[in-house]
Every structure is written in structure tokens, then in C-alpha cells.
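Enquirer: The chain contents come next:
2 protein chains.
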Amino acid sequence: MSFFDRYHSTRNARCNLCVGIDPTPDALAKWGLENSATGLRAFGTAILDAAAGVAAVVKPQVAYFERFGAEGYAALTDIIRDARERGFLVIADAKRGDIGSTMDAYAQGWFGSSAPMRADAVTANAYLGLGSLEPLLQRAADSGGYVFVVVRSSNPEGSSLQSLGNPPVWHHLLDDILQWSDRYDSRTVGAVVGATVPAELAQALTHLPDALFLAPGIGSQGASRDDLAGINGLDRVLVSASRSIGEKGPEVAALRQAMIGAKAA
Amino acid sequence: MSFFDRYHSTRNARCNLCVGIDPTPDALAKWGLENSATGLRAFGTAILDAAAGVAAVVKPQVAYFERFGAEGYAALTDIIRDARERGFLVIADAKRGDIGSTMDAYAQGWFGSSAPMRADAVTANAYLGLGSLEPLLQRAADSGGYVFVVVRSSNPEGSSLQSLGNPPVWHHLLDDILQWSDRYDSRTVGAVVGATVPAELAQALTHLPDALFLAPGIGSQGASRDDLAGINGLDRVLVSASRSIGEKGPEVAALRQAMIGAKAA
Chain A
0 MSFFDRYHST RNARCNLCVG IDPTPDALAK WGLENSATGL RAFGTAILDA
50 AAGVAAVVKP QVAYFERFGA EGYAALTDII RDARERGFLV IADAKRGDIG
100 STMDAYAQGW FGSSAPMRAD AVTANAYLGL GSLEPLLQRA ADSGGYVFVV
150 VRSSNPEGSS LQSLGNPPVW HHLLDDILQW SDRYDSRTVG AVVGATVPAE
200 LAQALTHLPD ALFLAPGIGS QGASRDDLAG INGLDRVLVS ASRSIGEKGP
250 EVAALRQAMI GAKAA
Chain B
0 MSFFDRYHST RNARCNLCVG IDPTPDALAK WGLENSATGL RAFGTAILDA
50 AAGVAAVVKP QVAYFERFGA EGYAALTDII RDARERGFLV IADAKRGDIG
100 STMDAYAQGW FGSSAPMRAD AVTANAYLGL GSLEPLLQRA ADSGGYVFVV
150 VRSSNPEGSS LQSLGNPPVW HHLLDDILQW SDRYDSRTVG AVVGATVPAE
200 LAQALTHLPD ALFLAPGIGS QGASRDDLAG INGLDRVLVS ASRSIGEKGP
250 EVAALRQAMI GAKAA
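Same order as they appear, the protein sequences are chains A and B. With the first letter of the first sequence counted as 1, position 265 gets the number 264 in numbering that gives the first Met the number 0; the numbers rise by one all the way through. With the first letter of the second sequence counted as 1, position 52 gets the number 51 in numbering that gives the first Met the number 0; the numbers rise by one all the way through.
Errors might be hidden in some of the hints.
Said to hold, decoys possible - Not everything, but these chain B residues come out facing chain A in the computed CB check (under 10 Å): (1) 25; (2) 61; (3) 69; (4) 108; (5) 125; (6) 158; (7) 159; (8) 242.
Claimed, not checked - Beyond 12 Å from chain B on every Cβ pair, some chain A residues (computed): (9) 7; (10) 11; (11) 33; (12) 44; (13) 83; (14) 137; (15) 186; (16) 202; (17) 205; (18) 226; (19) 230; (20) 231; (21) 235; (22) 252.
Keep in mind the hints are simulated off the structure, nothing from the lab. Here the structure is a predicted model, which means the values were calculated and not measured. We treat Cβ as the ideally placed atom computed from N, Cα and C, and that holds for glycine.
Isolated chain A, as found in the complex:
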């Protein structure tokens, strides 16, 4: 079953939590774990233990694994496999973006049965044009995967580029996503829009009526669920929380409580 269909089978009207797996140096130190690939594995396992039964979707942040090179990728590979075996949907937060056969090479890393870090969804960057992501979208469509394209990011400095022009850059990107969805497949591509910019999130949900959204920024980046109250289409929004959960570890019970809190907050 595809990411899109599995997401819809578990979603609820108000609150869909995506639990981030962000083994930052700070979190590892606080948990008493080594700042190493070994620490990454222990961190990931604890997050999965805590998320079982609480969240359907987890999102490892690839950067925290890449900083350890090959060993980090080995840890990431194991964590993703473990998560999928436990029945989680896994979004690899990789924000990859390139062109042509290079983009296709990235896609081979994450989508399809022979992908080493096979995930259910990835995040992607379209500065090189949505068309540049075509090989990724194609492999996602072929393997039941999903691509969240960064449209409006959760950081303040993101608007300096994304809001240029009238209509702004991010509206154009929504148009391009809509066009691709209408033409090829409406169950393969959605968007990342920060929970920190709820008005834009509401607009984007209207603009792309079938797409799924990933909304980071709840908790440590300053957004709360209250900011999203009243938005239509929250059943299509995966609200991701990472730092605000991780800082409650290392005890699994405390992590689980933080996840339940993130759903209710």
C-alpha cells in the first residue's frame, strides 16, 4: 500500500503527528549517549519504542546521520528498517535536489525495493525547478512513495527568497506541484509548509486540495497547535515535532508523554 493510502487509513481530522528522529549533539549529551553512530542507534531505538501506538509516522533528519559519514548512514539504514518493520511510515528528511540522472541517483538511494535506505517518503528541494525533481517523483510514483517539496519553510530567513515576486515564488511552486499532480499522479507529491506560517499553510491547503503537507516548527521553533486552529484540511497535515520531544528523553515513558502532549497541545 502506498504512503498516500496508508496515511489516509490512519489520519484523523485534527491531529496527525510526525515524530522527528533528530539526534542532535545536545540531545545525545542530555541522554548520556555517546556522540557517535552508536549513540544515534540508541537514540533512534528509544524514539521508536516511545512512538509505538502514539504516532504512525516518524521522520529521521538525515543531516544528523550524515555528520558521521558512512557509519552514520549505516545507523540510519538500520533505524529506517527497524521503523518500517514496526509498521511506521518513514519520511526521510533529506531535502535533496539536483538534476537529471543525478536526481535519479538520489532517488535510487531512498525509493524502491533495492534502495539501501528505503523510505516511504522523502523531503526535496526544488530550487532547480520542480521539473528537476521529475526522476524522484517518477520513482516515488512507481514504488508507492511520496515526496514533500519544501515550499514555505519554517525558518524566518526562508521568506527572503520564497516570498520574492508577486505572486511570490512559493505560489509558483504550488502551481507547478498542482500541474504535475493533475497531469501524472495526485497521490505522489505534496509540500512542506512551516507551522510557523499558519496563514500560508491554510492558503497552500486550499491551493492543493488533494496533497499532503508536512508542517515542521511546532515546539522549539515557536509554533503551537493553537496557531493552526481553524485551518481547513488539517486532516492532510502532518505536524512534526522533534526537538521538543527529544529533550524530554531518555526515558521512554517521558518521551511517550511528550509525544502525547505534542498531539494534544
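Dock chain B against the given chain A, drawing on the hints supplied.
Expert: Using the frame of chain A, we list chain B on its own:
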């Protein structure tokens, strides 16, 4: 010595070649190499053997390694180390882009003495705002590294986003780069502008009078050196050729001939 200084010590007025290390499935097949991490290593070694004495800079395309996961990163790590030990400047073509401590985690993977894939320069993506790359720029500045920010890409579909607005997005990005350089360090950040858009490359060179440029697109993407003739500031442009060299392998002599050809073409 920093990337910037070493580049300037080897540059010439007309032609600075950056040899791509792009082990595509097609190239590996043509060379009779396994499409595996073992194949990647053999490919990388042959390119380095051929580039010795011909080019000062090499550029592994990270995507072709990432497709093999941890094993691919192990191969990439070895190739980068080998290249640096042989005296090449290494640009990791990673096009990473994220925010805050996530961006810093990527930076830790590539810059500084404890980075597993320590490179001399990386490519980066600023869709999340040039400000989002601050941790990467900072680590580059601290370790003598260099960051090439994708400004105007070599692919036709790139202009759909980069040319939006008036002035266009890519001009704004040049302004942001100039501002950062003026404020902090003029020897740390430059731009990627495709050789396929020579008029834009000429403008960008004028806009950023001290920055270095990486110009992909020569050869298989359709640009030639003739397209760049007459541009002022070519001593600051690294023209990168990958596919057009790789397809001449596997013999080292033939690869070297292709590299010499790419310099003269």
C-alpha cells in the same frame, strides 16, 4: 592554505578545469565495472590517475555514492581522502540545504579536521534563504573551506524558479552573497552558474567581483568553451566537465586526453 588561496595559486586566465567524478550506471557499464561500491572506487581511482597533472580540482557528485547508502559513503570517503592526499582540491557536489543546527550537522560532515568526508569545498542550495546556510559558511570560513551556492543552474527547467520576479530570484541571491562576503569574509562563498547560460554567468561575475564560480554544463549538457569566450573574469571560473570525460574511459590515457580536450575545447 584555504581553498580560495590554493585556487588562486593554480588558476590561469582562460581555463580552469574541474574534473567531475560521476560514476553513473552508464559509465560503470561502459567501463566494465560492477554497479556497486567496488565499481565506484575503481572509477574514482582511474579519474584521479588521469587528472594528475592535468587538473587541480575534482568534484565527486555525491548522489552517485548515496545511491549505495553506507557502502557508497565509505567509497566516497576513501576517494576524497585519496584525492586530497594527491594534492587535488576537492569540491563535494552535495547541494545540501537546511536550517539551523540541521545545517550545521551537514557542515560537520564535510568541513573541518574531524569531518568524515572532509572536502575543500561543497555546493549548497539556498531555497531556505542564504541566511539558512550561515552554519555552513561559518564552518567553511573556520576551516579554509569554500561554499558554492547554486544561483543559476545549468538545466533548462531551473529558470522557471530562478528567473521569477524583477529583479529575478537569482539576482537577489547574488545580492545576499555579496552582502555576506562584504560583512564577514570575501574568501568563503561563491556561486554555481551554468555554463549553459553564459550571459548570466557574465553578469554574476560582475556582480560578485571577488567570488569564485563553478560552471557546470560543458559537454553533455550542450555548452562549449566557445560560449564563454569573451567573458571577463574567467580566471575565477571553474568549468566542470564530467560525463564528457567519463564516457571516454576506462583507459587512463584516453581519460587524460579527454581532460586535456576539455581544457582546450
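Enquirer: All the hints need checking, so say for each whether the structure fits it.
Expert: Consistency of the hints with the structure:
1. The criterion of a C-beta within 10 Å of any C-beta in chain A is met by residue 25 (chain B), whose closest approach is roughly 8 Å, and the hint holds.
2. Using the Cβ-Cβ criterion of 10 Å, the hint placing residue 61 (chain B) at the interface with chain A is satisfied: the shortest such distance is roughly 9 Å.
3. For residue 69 (chain B), the interface hint holds, since its Cβ comes within 10 Å of a Cβ in chain A; the closest pair sits about 4 Å apart.
4. At about 4 Å, the closest approach between the beta carbon of residue 108 (chain B) and any beta carbon in chain A falls short of 10 Å, and the interface hint on this residue holds.
5. With its C-beta approaching chain A no nearer than about 7 Å, residue 125 (chain B) sits inside the 10 Å limit, and its interface hint holds.
6. Contact between residue 158 (chain B) and chain A, as hinted, is supported at the beta carbon level, the nearest pair being about 7 Å apart and thus within 10 Å.
7. Interface restraint check for residue 159 (chain B): the shortest CB-CB distance to chain A comes to about 5 Å, inside 10 Å, so the restraint holds.
8. Below 10 Å, beta-carbon pairs count as interface contacts, and residue 242 (chain B) has one with chain A at about 9 Å; its hint therefore holds.
9. Remark: the non-interface label on residue 7 (chain A) is consistent with the geometry, its nearest Cβ contact in chain B lying 28 Å away (cut-off 12 Å).
10. The beta carbon of residue 11 (chain A) sits about 28 Å from the closest Cβ of chain B, which is more than 12 Å, so the claim that it is off the interface holds.
11. Once the 12 Å rule is applied to beta carbons, residue 33 (chain A) is consistent with being away from chain B; the minimum gap is 15 Å.
12. Against the 12 Å criterion, residue 44 (chain A) stays outside the reach of chain B, whose nearest CB is about 18 Å from its own CB.
13. Once the 12 Å rule is applied to beta carbons, residue 83 (chain A) is consistent with being away from chain B; the minimum gap is 15 Å.
14. The claim that residue 137 (chain A) lies off the interface holds: its Cβ sits roughly 14 Å from the closest Cβ of chain B, which is beyond the 12 Å cut-off.
15. Once the 12 Å rule is applied to beta carbons, residue 186 (chain A) is consistent with being away from chain B; the minimum gap is 23 Å.
16. At the 12 Å boundary, the C-beta of residue 202 (chain A) stays outside the reach of chain B, the nearest C-beta of that chain being 18 Å off.
17. Distance check on residue 205 (chain A): its Cβ is at least 21 Å (rounded) from any Cβ of chain B, clearing the 12 Å threshold; non-interface status holds.
18. Every CB of chain B lies more than 12 Å from the CB of residue 226 (chain A), the least distance being 18 Å, so the non-interface label holds.
19. With a closest Cβ-Cβ approach of about 23 Å to chain B, residue 230 (chain A) is found to remain outside the 12 Å limit, as its non-interface label requires.
20. For residue 231 (chain A), the requirement that its beta carbon stay farther than 12 Å from each beta carbon of chain B is met, with the minimum near 27 Å.
21. Taking the minimum C-beta to C-beta distance to chain B, about 23 Å, the non-interface status of residue 235 (chain A) holds against the 12 Å cut.
22. Against chain B, the non-interface label of residue 252 (chain A) holds: every CB pair exceeds 12 Å, the least being about 26 Å.
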